[in-house]
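**Student:** Assemble the whole structure, with the sequences as input and the hints as a guide.
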Amino acid sequence: MKKNRQAEIAKNLTGKELVFHLLLTQSLIILLALILCWILFPDMSTILKLFHWDIVWIVIGLCSGLTVVALDLVLMKKVPNEYYDDGGINEKIFSGMPIWKIGVLSLLIAFSEELLFRGVIQTHFGFWIASIIFSFIHFRYLSNWYLLLNVSLLSLWIGLIYEWSGQQIFPVIITHFMIDFLLGIKMSRNSVHND
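Those letters in the sequence shown? Residues 11 to 205, by my numbering.
The hints are simulated quantities; they were obtained by calculation from the structure and are not laboratory data.
Nothing here was measured: the structure is a model prediction, and the numbers come from that model.
All residues carry an ideal CB built from backbone N, CA and C; glycine is no exception.
One thing to keep in mind: the hints can contain errors.
Here are the simulated DSSO-like cross-link-like pairs (lysine-lysine), alpha carbons at most 27 Å apart as the crow flies [stated by the list, open to error]:
hint, residue 1, residue 2
1, Lys-196, Lys-87
2, Lys-111, Lys-196
3, Lys-26, Lys-111
4, Lys-196, Lys-88
5, Lys-59, Lys-196
FRET-style restraints, in silico, Cβ to Cβ [unchecked claim]:
hint, residue 1, residue 2, range
6, Tyr-94, Asp-53, 41 to 51 Å
7, Thr-24, Ile-147, 43 to 53 Å
8, Ile-147, Ser-55, 42 to 52 Å
9, Asn-200, Ile-45, 37 to 47 Å
10, Ile-142, Leu-117, 31 to 41 Å
11, Trp-48, Val-84, 40 to 50 Å
12, Asp-53, Asp-82, 33 to 43 Å
13, Val-89, Phe-149, 17 to 27 Å
14, Val-69, Trp-155, 25 to 35 Å
15, Thr-24, Pro-52, 43 to 53 Å
16, Val-84, Ser-55, 40 to 50 Å
17, Pro-90, Val-66, 31 to 41 Å
18, Ala-80, Asp-53, 39 to 49 Å
19, Asn-22, Trp-174, 37 to 47 Å
**Tutor:** Shown next, in the form of structure tokens:
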């Protein structure tokens, strides 16, 4: 029943409308992250410590994102198509979108979500709380056990990278960006070939 509702939402909204709602959501996430930073961190220097630049962890974040995408592409060929069905929302968002727009959108999503979930929530409330909230914020996956499992495992993995790196935000932003960017390109290219 919920899958039909998601499909109905996707069918009734245009790709531009879905992108607008996505941008609005990400703006709210950034606003919430900034408010929580102001409340929870003692000063600006503590926040800036999250943005420590360590090339080793940057490379680990990059390789991690590439590995997750490679694994996802293999699984997409092995499991039934309905396992990846989110009601057509992702396909509609990325359908025919130019690479530069996919890049900007992916960077916005990665930055806003990782700042909130890792930089603020995981730093102050712990690994499990951040991972669980991250999974449930992707509520449209709740009706598909496979997508929920996928996003939950991804959340745990990103949370582990954040912990192992000594709570550096750049590696997890890069991991998240690579996943969204490369899979967004795949969806965009699939829509061009299917037209």
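**Student:** Starting from Lys-196, check that the Cα of Lys-88 is at most 27 Å away, please.
**Tutor:** Holds. Lys-196 to Lys-88 sits at ~17 Å (cutoff 27 Å).
**Student:** Assess, step by step, whether the Cα of Lys-26 is no farther than 27 Å from the Cα of Lys-111, and give holds or violated.
**Tutor:** 12 Å, holds
**Student:** Taken at face value, is the distance from the CA of Lys-87 to the CA of Lys-196 at most 27 Å?
**Tutor:** The given pair, whose Cα atoms are some 13 Å apart, holds under the 27 Å limit.
**Student:** Honestly, do Tyr-94 and Asp-53 meet the 41 to 51 Å range at C-beta?
**Tutor:** Because 44 Å falls inside the window, the suggested range holds.
**Student:** Quick one: are Pro-90 and Val-66 within 31 to 41 Å, going by C-beta?
**Tutor:** 39 Å, holds
**Student:** Okay, Val-89 versus Phe-149 on CB: inside 17 to 27 Å?
**Tutor:** 22 Å, holds
**Student:** Quick one: are Ile-142 and Leu-117 within 31 to 41 Å, going by C-beta?
**Tutor:** 25 Å, violated
**Student:** Given the hinted pair Lys-111 and Lys-196, is their alpha-carbon gap at most 27 Å?
**Tutor:** Holds, because 14 Å separates the two Cα atoms, which is no more than 27 Å.
**Student:** Hinted pair, alpha-carbon criterion (27 Å max): Lys-59, Lys-196. Please report holds or violated.
**Tutor:** With a Cα-Cα distance of about 35 Å, the restraint between Lys-59 and Lys-196 is violated, given a limit of 27 Å.
**Student:** Indicate whether the distance between the beta carbons of Thr-24 and Pro-52 respects the range 43 to 53 Å.
**Tutor:** Holds: the Cβ-Cβ distance is about 45 Å, inside 43 to 53 Å.
**Student:** For the range 43 to 53 Å, tell me whether the beta carbons of Thr-24 and Ile-147 fit it or not.
**Tutor:** 23 Å, violated
**Student:** Okay, Ala-80 versus Asp-53 on CB: inside 39 to 49 Å?
**Tutor:** Given about 41 Å between the Cβ atoms, the range holds.
The structure shown violates the earlier hints numbered 5, 7, 8, 10.
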